[in-house]
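Once you've looked at the hints, dock chains B, C, D, E and F against the given chain A.
Just so you know, the sequences run in chain order A, B, C, D, E and F.
In this text, residue positions in the first sequence follow the working numbering: the first is 11, and each later residue adds one.
In this text, residue positions in the second sequence follow the working numbering: the first is 11, and each later residue adds one.
In this text, residue positions in the third sequence follow the working numbering: the first is 11, and each later residue adds one.
In this text, residue positions in the fourth sequence follow the working numbering: the first is 11, and each later residue adds one.
In this text, residue positions in the fifth sequence follow the working numbering: the first is 11, and each later residue adds one.
In this text, residue positions in the sixth sequence follow the working numbering: the first is 11, and each later residue adds one.
These aren't lab readings, by the way, just hints derived from the structure by calculation.
As the structure is a prediction and not an experimental result, all values here were calculated from the model.
There may be inaccurate statements among the hints.
No copy is singled out in the list; a pair is fine if it fits within one copy or between any two copies.
[To be verified] Computed cross-link-like contacts, DSS-like style, restricted to lysine-lysine with a CA-CA straight-line distance of at most 27 Å: (1) LYS222 - LYS23; (2) LYS23 - LYS207; (3) LYS207 - LYS222; (4) LYS267 - LYS180; (5) LYS23 - LYS267; (6) LYS267 - LYS16; (7) LYS222 - LYS180.
6 protein chains.
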Amino acid sequence: MFYHIKELQYPSKPDRPDPVYARKLQEVLGGHFGEITVAMQYLFQGLNTRGDGKYRDMLLDTATEEFAHVEMLATMIARLLDHAPVKEQEQAVAHNPVVAAVMGGMNPQHVIVSGLGAMPVDSVGNPWRADYTIASGNLLADFRDNLSKESQGRLQVVRLYEISDDRGVKDMLSFLIARDTMHQNQWLAAIAELESKEGIVVPSTFPRELEKQQVSYTFFNFSRGEESARGRWAHGPSMDGCGMFQYVAQPQPFGPKPFLNPAPPSVHDTLPIVLRNETNLPPHIG
Amino acid sequence: MFYHIKELQYPSKPDRPDPVYARKLQEVLGGHFGEITVAMQYLFQGLNTRGDGKYRDMLLDTATEEFAHVEMLATMIARLLDHAPVKEQEQAVAHNPVVAAVMGGMNPQHVIVSGLGAMPVDSVGNPWRADYTIASGNLLADFRDNLSKESQGRLQVVRLYEISDDRGVKDMLSFLIARDTMHQNQWLAAIAELESKEGIVVPSTFPRELEKQQVSYTFFNFSRGEESARGRWAHGPSMDGCGMFQYVAQPQPFGPKPFLNPAPPSVHDTLPIVLRNETNLPPHIG
Amino acid sequence: MFYHIKELQYPSKPDRPDPVYARKLQEVLGGHFGEITVAMQYLFQGLNTRGDGKYRDMLLDTATEEFAHVEMLATMIARLLDHAPVKEQEQAVAHNPVVAAVMGGMNPQHVIVSGLGAMPVDSVGNPWRADYTIASGNLLADFRDNLSKESQGRLQVVRLYEISDDRGVKDMLSFLIARDTMHQNQWLAAIAELESKEGIVVPSTFPRELEKQQVSYTFFNFSRGEESARGRWAHGPSMDGCGMFQYVAQPQPFGPKPFLNPAPPSVHDTLPIVLRNETNLPPHIG
Amino acid sequence: MFYHIKELQYPSKPDRPDPVYARKLQEVLGGHFGEITVAMQYLFQGLNTRGDGKYRDMLLDTATEEFAHVEMLATMIARLLDHAPVKEQEQAVAHNPVVAAVMGGMNPQHVIVSGLGAMPVDSVGNPWRADYTIASGNLLADFRDNLSKESQGRLQVVRLYEISDDRGVKDMLSFLIARDTMHQNQWLAAIAELESKEGIVVPSTFPRELEKQQVSYTFFNFSRGEESARGRWAHGPSMDGCGMFQYVAQPQPFGPKPFLNPAPPSVHDTLPIVLRNETNLPPHIG
Amino acid sequence: MFYHIKELQYPSKPDRPDPVYARKLQEVLGGHFGEITVAMQYLFQGLNTRGDGKYRDMLLDTATEEFAHVEMLATMIARLLDHAPVKEQEQAVAHNPVVAAVMGGMNPQHVIVSGLGAMPVDSVGNPWRADYTIASGNLLADFRDNLSKESQGRLQVVRLYEISDDRGVKDMLSFLIARDTMHQNQWLAAIAELESKEGIVVPSTFPRELEKQQVSYTFFNFSRGEESARGRWAHGPSMDGCGMFQYVAQPQPFGPKPFLNPAPPSVHDTLPIVLRNETNLPPHIG
Amino acid sequence: MFYHIKELQYPSKPDRPDPVYARKLQEVLGGHFGEITVAMQYLFQGLNTRGDGKYRDMLLDTATEEFAHVEMLATMIARLLDHAPVKEQEQAVAHNPVVAAVMGGMNPQHVIVSGLGAMPVDSVGNPWRADYTIASGNLLADFRDNLSKESQGRLQVVRLYEISDDRGVKDMLSFLIARDTMHQNQWLAAIAELESKEGIVVPSTFPRELEKQQVSYTFFNFSRGEESARGRWAHGPSMDGCGMFQYVAQPQPFGPKPFLNPAPPSVHDTLPIVLRNETNLPPHIG
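One chain only, chain A, in its complex shape (with noise of 0.2 Å):
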């Protein structure tokens, strides 16, 4: 169960409106990695845990801090709207095309249908989906997900602190960017803690002589060049310690040509009469 109180985790206030601004800013509210993200994903995973301690505990914890950012953007983002033009008006777009071109920049919908309130969408209008998140019950997968989340929401951020001159806005990003910190830091520390008791590999549970082991540790080299040949992954005892990297220069098919057998006549499938009835055949070829 959750409780609300009305202050920000940190102070959200723009110097000056800027609603070009605001859209972009709605990248890392409602964008795939944005804040509503990370708090619905930790939300699931926290109450998918199976199993009381820690994790979930921890889960949880960080998921109710990202609602919080939420609301802190949603609140910057509403006060970067105050004072945008609505007003399409001939003279002053014709006099002044830096107020036109703020207008052909800003998100219409900010205007049309929240009425100057921030939006659960990212900085072009897609609305945020659930589907940007996972939690499949196997937490180092999860874990590395989150990290993942957090690597590119970080970068996104600084992106944002990069473009905008805006003493207010940037205070309020140092801040994010200093929890994206700690938030990769976290999941590193996690993880380091998963892999040490169960192997690096996921899921670690499924016996590995079960898998094809011949190629669990081969780099293919598909693409004409042999530069890849020069990373880490191609050569020298794998990052499992379980095999050597080995690396193909020319990778060959290990299945044959496939050949489909024909549809039932219900389907109405192209028949095989007609696949099979190639008389086009110039005389160079046959």
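Chains B, C, D, E and F alone, transformed into the frame defined by chain A:
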């Protein structure tokens, strides 16, 4: 530029048809963590890599291999759909509930839409979407996502292996599982290389003094109970070696209650006067 | 900012597992009218409310409660998935058609993707989408949508109650049904307050003389037959008290046939000359 | 069955082209609350009404009218796109920033995809989706959603009216605004009829004694601060006349902490032993 | 503007209910190639046709008919849902596996969401989307898509005909199949008209000398083996009569290896120095 | 199985960067009719072809080429994004409205998400979706869709050619236009082959006597006015040579008014008694 050969990377033939399993196997072809996802993700990461070299080459090598896995799975699914019961014969169904169950468990689009062919969809029929993928220009961020994709992917293939009792299916899955073993090792190796050059916090190029460093290593316990204090993330040196983890058992807000300015009348939000005119105060509170 | 406690708002435990029902129950967790929808809708409405006061507070109170319902449903679904039949053992299926039917009626992603956990999807597997929600800045408009969401939501929970014969499930649903009773009453009360201040037509702030008032209270009978004349909407004073309903039995157009100008050649639409050159006139028509 | 006549329900001609406004106007054609939504929603509600009579007839009357609004908006958008600047001539842009701004503010698909025609998309380019609509079989629930759709719809059309300074556009919008006035009145009238027959809680047919009545009229204050106590929903008789509103200032959980059973090994979730083996306890906590 | 009459274009009544078939029939109502698609596609093509005349009229004629097919299918689906088993009575299921299979094969939303009504979704529950449609302003391009839609559509209806053994269903489908026969003929006739005026390559208005004519009639054999040389596309005069088909058995690239410039530091992509510093060269390669 | 070489099929280098054009060019990479669509569509059609032979080979040849076009477009877009203005420097914008317009016209995700790389999205940012594609098992149906895709595709590329004044961009587009010329010719050739073997109505294998032949060649004029009578589809022999087109100027329904049975009480639809109890009859109608 690409070339195709008709042979499969690995044989892909079930012992017997099984249209219900065909539906399930779609997950690792067209689902969030399926082969289309990794093929397209590595392709775009490779094509967007600025600067030539081994990472670009390696990404395109592996992208190219993943399209061969798309081919193997599509072939397997088409074969699992051979002889699918497509007629809804009342008698058969009434007298043979297993046939009825099979028809209930199939994806009806495998008959109606694809004519017994594989589709670029997941196991419940959601079409594959390109926003399952990411190519950010920052390879460390992206390789972490690649590791996540291969971890979730191997987990799903292993679950499909457990569900099946068809030797042909299991043989092919054992190949995919082995390749996912390699690819987890591969991304771990590439990540290790990049982390050794750049450090572990993504992006490494953002000046650390610009982030709000007071909270860069702080764990906030937002969920009542302190089980989360028992993790590596709650004490000791941070994973990036730049700080010490701190555990805040009772986190407090840094920011004030927000107050948003009224919207201009032309937006037709609820008027401030309506919001302010709050007279329904019961006697015991006012 | 939010806090979490580990206790559930209400007990959430089925008498016995039932993976087919787990799939169905997803509808009110991750469907269009499920708990994620109301939680996120009230959250964004609250955060975007310009001006402080009771409406903002009330919205955030109820948003916060809805996240507790998300938690209850996720817990219930995870428990319904205990002991789900995940092996497709040919013998079992052949000899036990009920098991086969159960496997056909489950969501296969509950095994393959979530590892027996709840997912943010509906009962057919569509991921939750943020455009299920609305926060417009106009509270009367939004509260009407809230009332709609709670009406559809209670209807769906009631249908799920009827379908089930599990006492644990029914007990939890009886709690959600009661809360939806409250929430319908709550939005009706809030709507009554706002309507008494503003009037009933949204938005109330648009000057009525600017709308085409001749058709502001007219019912057009576009479907042959006049059964629709028997409704309250077809006669008597309008609900807003500003006009009289009129019934137009045979509506006629107010506008002319449209004629669109040709596109410029650089757009490569079909050329006007091709559109105009219409020579295939049969003798009996020309 | 339907018939079409070529005349428009109302004239639909702008004074001058304006491709940036064309993009914005798409919102009320193909957006969540646009004319396609109400047309399709009323159509499916009408077609699914079980039992003949005035409600079915009325729904199909109004559905049919909404398709005429689709036609008017499509025509208007096509005309606003006349003479759109489709050439990206560097000079023109460099010397005429207003042209540059116009090109930035347009929907590029209006040139590339539709060849200067209207599209079934919203103002940021999201394609219309059928899950914007609902037809539940319960008319009171559905009419409440219809009222919501007409409220949001009129709000958006009014905002678009405010933004424009084109007399032709405003004239057409004044017609749509008036029709939305009627349709809000219409659904209010129909709702009043049904509520007088059934009661106000949807669905009215579920036995009230089966719901957890202790919480059917309780407002839970989950957000610190008691501003929400000042509303009509917090005290006095409930709107359905069956109870008294109660305000719970400090809500407590009714349920215990949940504990989920471990998953079977074949699912390859994190093993219970790994979850339990929690040794990283710092000295000051254990 | 549209009018509606209550009679159906063709009778639409099954001999007996069949909720599993109702789910499947949804494909041709709300699927990619269903009746909503063609209704909306022809409607937008008609409304966007610049210039009056027979094509615009014909498009709107047929659009209007397709809405009658939407009506017929919605009616049929509602009737197939009569008496659907909505109670999950454990006994019934345990003792009657056919009932269990029926419940597994139904779309659960037909009970929970639509209350036994048709929905604008396909046979696996994906909501209809407007980007299934195209209206490009170029009628030859669009009529080819219309022909494609009617071809896939008739194929799907035929497959549904084969699956059914209900005389009422089959009778209605035989009507839809015949209309699709007409519509394939209709678009073929319209295409023939336009091709005779414009030529067959769309768009016909682009100066042929501006395209890279060396490859305008070349078939590239990118897949090892030359079976593809046996087709009409590989030799002889081209279909547009402007060139000769050529078959290139071993296609070579025309372009160089691409090299992308580094990104500016403010974007925080992987730094050039990190990409360049490639030291892991194994002895046997460097 | 696939192989990759690093050379591009055709040079892909703009004369100068242009981030606004980069956004537009995305349409033919990741839009409905872009290169990803044809690559994936031909790939799945090829892999699902039951029976070996030239059609399967030809499909895979051309699928493989289309991935080279994906590569060319991604490369071009990355280069167009070089030196994009990513800093929102107030001064620059205030003094240089063209820079402001450029920033308004860009896709902000090209900076924030992809770090100046191409994305698998269209020109307004919708992610590519696999349901843009079809592979039905019936090659004539599918080749018609392929022809449609190449027609819309060439139309869009031509429009993008018209918009640009960059010689490098236009050179690459002239190559793609030529390839689309070939591919339209190719599918026309393949269609001609199949039609000569099967006939023109898809599917050709359904017994014509089972369709309702009275309406197999009838054009229904559902839109007032008879301009549509002037087309080839309205008179003369049908295109398939099996009948004569007929023009029905005033189409009448073949079916009765539908009446749907009431739903069972457990579904909680509006009760029949409520639907029937229709007392609001005004005096002048009853």
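These are the hints, each one checked on the structure:
1. LYS222 - LYS23: between (57 Å within a copy, 16 Å between copies)
2. LYS23 - LYS207: neither (45 Å within a copy, 32 Å between copies)
3. LYS207 - LYS222: Within one copy, since 24 Å is at most 27 Å while 34 Å is not.
4. LYS267 - LYS180: between (58 Å within a copy, 19 Å between copies)
5. LYS23 - LYS267: between (63 Å within a copy, 11 Å between copies)
6. LYS267 - LYS16: between (65 Å within a copy, 5 Å between copies)
7. LYS222 - LYS180: between (51 Å within a copy, 10 Å between copies)
In terms of the numbered hints stated before, the structure departs from hint 2 and from no other.
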